[in-house]
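Student: As given, the protein sequences belong to chains A and B, one line each in that order.
Under our numbering, the residue at position 157 of the first sequence is numbered 157, and the numbers go up by one with no gaps.
Under our numbering, the residue at position 172 of the second sequence is numbered 172, and the numbers go up by one with no gaps.
Keep in mind that the hints are not guaranteed to be accurate.
[What the hints assert, rightly or not] With a straight-line cut-off of 20 Å between C-alpha atoms, the simulated EDC-like cross-links for lysine to aspartate or glutamate are:
1. LYS99/A to GLU197/A
2. LYS134/A to GLU205/A
3. LYS134/A to ASP94/A
4. LYS134/A to GLU217/A
5. LYS175/A to GLU24/B
6. LYS175/A to ASP142/B
Everything labelled a hint here was simulated from the structure, so no lab data went into it.
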Amino acid sequence: MTTTELRPATPSTSDSPASARKPIGVAQRCETALGWAGLRASSGGGIGRILLCVAVFLVFCGPLITVISGAFDFSPDPTKLSLLPNRPSLVNFDVATEKGIWGYLLNSLIIAGGGLLLQVSVSVFAAYALARKKFRGQVIVMLAILTTMMLPEEVIAIPLSMVIGDLPLLNLSLKGTLLGVILPLGAWGFSIFVMTEFMREIPLELEEAARVDGAGELRIFAQIVVPLCRPALGVVAVFGFTMIWDQYLLPLIVATDPGDYTLTVALATLRSDDMVGPGVVLAGALLALVPSLIVYLSLQKSFLRGITSGAVKG
Amino acid sequence: MVPWLFLLPALLLFLVFKYIPMAEGIRLSLFEVRPFLGDLWVGLDNYARVLSDERFHNALNNTLILAVGQTAGAMLIGFGLALLLEGTARSLWFVRSAVFLPVVAATAVVGEIWRLLYYPAEGGFLNSLLSWVGLGPSTFLDHPDTSLWSVMAVGIWKGAPYDMVILLAGLAGIDRQLYESAAIDGCTTWQRIRYITLPALRPAITILLTLASIRGLRVFTEVYVLTGGGPAGSTDVWMTRVFSLGFETSELGVASAGSVVLFLVTLLLTLFVQLLRRRREA
Numbered sequence: 001m002t003t004t005e006l007r008p009a010t011p012s013t014s015d016s017p018a019s020a021r022k023p024i025g026v027a028q029r030c031e032t033a034l035g036w037a038g039l040r041a042s043s044g045g046g047i048g049r050i051l052l053c054v055a056v057f058l059v060f061c062g063p064l065i066t067v068i069s070g071a072f073d074f075s076p077d078p079t080k081l082s083l084l085p086n087r088p089s090l091v092n093f094d095v096a097t098e099k100g101i102w103g104y105l106l107n108s109l110i111i112a113g114g115g116l117l118l119q120v121s122v123s124v125f126a127a128y129a130l131a132r133k134k135f136r137g138q139v140i141v142m143l144a145i146l147t148t149m150m151l152p153e154e155v156i157a158i159p160l161s162m163v164i165g166d167l168p169l170l171n172l173s174l175k176g177t178l179l180g181v182i183l184p185l186g187a188w189g190f191s192i193f194v195m196t197e198f199m200r201e202i203p204l205e206l207e208e209a210a211r212v213d214g215a216g217e218l219r220i221f222a223q224i225v226v227p228l229c230r231p232a233l234g235v236v237a238v239f240g241f242t243m244i245w246d247q248y249l250l251p252l253i254v255a256t257d258p259g260d261y262t263l264t265v266a267l268a269t270l271r272s273d274d275m276v277g278p279g280v281v282l283a284g285a286l287l288a289l290v291p292s293l294i295v296y297l298s299l300q301k302s303f304l305r306g307i308t309s310g311a312v313k314g
Numbered sequence: 001m002v003p004w005l006f007l008l009p010a011l012l013l014f015l016v017f018k019y020i021p022m023a024e025g026i027r028l029s030l031f032e033v034r035p036f037l038g039d040l041w042v043g044l045d046n047y048a049r050v051l052s053d054e055r056f057h058n059a060l061n062n063t064l065i066l067a068v069g070q071t072a073g074a075m076l077i078g079f080g081l082a083l084l085l086e087g088t089a090r091s092l093w094f095v096r097s098a099v100f101l102p103v104v105a106a107t108a109v110v111g112e113i114w115r116l117l118y119y120p121a122e123g124g125f126l127n128s129l130l131s132w133v134g135l136g137p138s139t140f141l142d143h144p145d146t147s148l149w150s151v152m153a154v155g156i157w158k159g160a161p162y163d164m165v166i167l168l169a170g171l172a173g174i175d176r177q178l179y180e181s182a183a184i185d186g187c188t189t190w191q192r193i194r195y196i197t198l199p200a201l202r203p204a205i206t207i208l209l210t211l212a213s214i215r216g217l218r219v220f221t222e223v224y225v226l227t228g229g230g231p232a233g234s235t236d237v238w239m240t241r242v243f244s245l246g247f248e249t250s251e252l253g254v255a256s257a258g259s260v261v262l263f264l265v266t267l268l269l270t271l272f273v274q275l276l277r278r279r280r281e282a
């Protein structure tokens, strides 16, 4: 239960006297469960492992590669997809432009940007109270947040769509607005808890010193605690983005007409449009994939660390 | 006072977009919802309808098959991937990152991609692959006999790399000296996996199985995008059933009752698993 990140497996043999007499190969063979060392045939991996790796790569990335090739293919036979475009062209993107794909992408980006900003700030504020303060009712608040995490979003879809159509007390409808998607994404139990866990680790002395120097509550929060949370902000941001980009039901129930759709929801509209071929759907799919890939590849370390720590803590 | 001010935004958003809808959902499940005419109290009738409805039975059946199949499949393949891709070489790191991409891609996008790959004629991408090895063409999503398995395969494809990452973290935590002693004692690879690796991975496996089975119960997006529950209800799951009742035929009361049942089952499962873990740790 102690491993919280994907650290490379290091052979812990240097300090044991028994291993000093053994040939070097043995320590290497004990690095992995199957006794594989590197990925070269010479280093004990074997040609079979390389072939398996290639196969695995194709199975998991092949479908994504066909998206790229299909999106750039002026496809005479719409059913044939391949790993390379048969007749490279940009025509799919022209048709997609006609079908308003950039509007959908803009909706998606505004929701992702606004939702993420709101979610991260709400989490930082809530975590500050939960991690750095002691107050009556703290346990109840924790339990209340935990309940929202156990409540599947799909389960409240119907009443949520009614609430969004008629906000309590305000008599205001958020249907057909981007705010109607952004606000429900603003508070997410997972990111609050990740933030809280991280903030607990910040030494109390820093805060006390600042207080002695006469810093107020807001100053301590904004100039001491938040800047120290930068690594956690990365984790929360990348998970928040993935969660928001993955939304399907919420944008679907908030929309009043197809113009309000996000890109991921609009793909189905494109698909059922008889005037466009699969190439155009793939062009849309490619546009919807790119932001996720950029975020994942640039923040990969925080992402994998977050996944494993979240899972190990349960 | 100060803590509550910092908590205010979160609690307000939770109240409006989680708690009120939850309470409203429970209320609706006890009424026959009639727009403009006023709701009619029907007590537990909606629940009786859900529990006796044949299409809900079918949906429950499919949900369970899908949840079990995807959970087990993703776990097995994830374990295989973790064993294959364990190691510090840079090339392995590259393959690991690439294999993880399906997890990051949005579910709806994955659904659209696989719909096209599954194109049920000879020219379809997967069918042309099948014809290389002398099989097919398969109808995949378009036939009741194959549709549920095709949906399951997509779920496994998207879920296995996630399991892989968590199992890899578990593998990295295993003491290498155990492997060494095993090697000196002349253990076979199989014995090494069976008696060292698997026991060490047990906490990770328990958590993965729990999370995946709870997630499996509420599966919606991939099924909705891939098949919409068809053909002939062969891939209808609990949530697609609720969705079509609520948003297509406007039977809001019955749909809400269906939602509440799903929530209760999820809650019971979560509590049950927590209880099991408590007892084992105590």
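Student: Which hint numbers doesn't this structure obey?
Tutor: 1, 3 and 6
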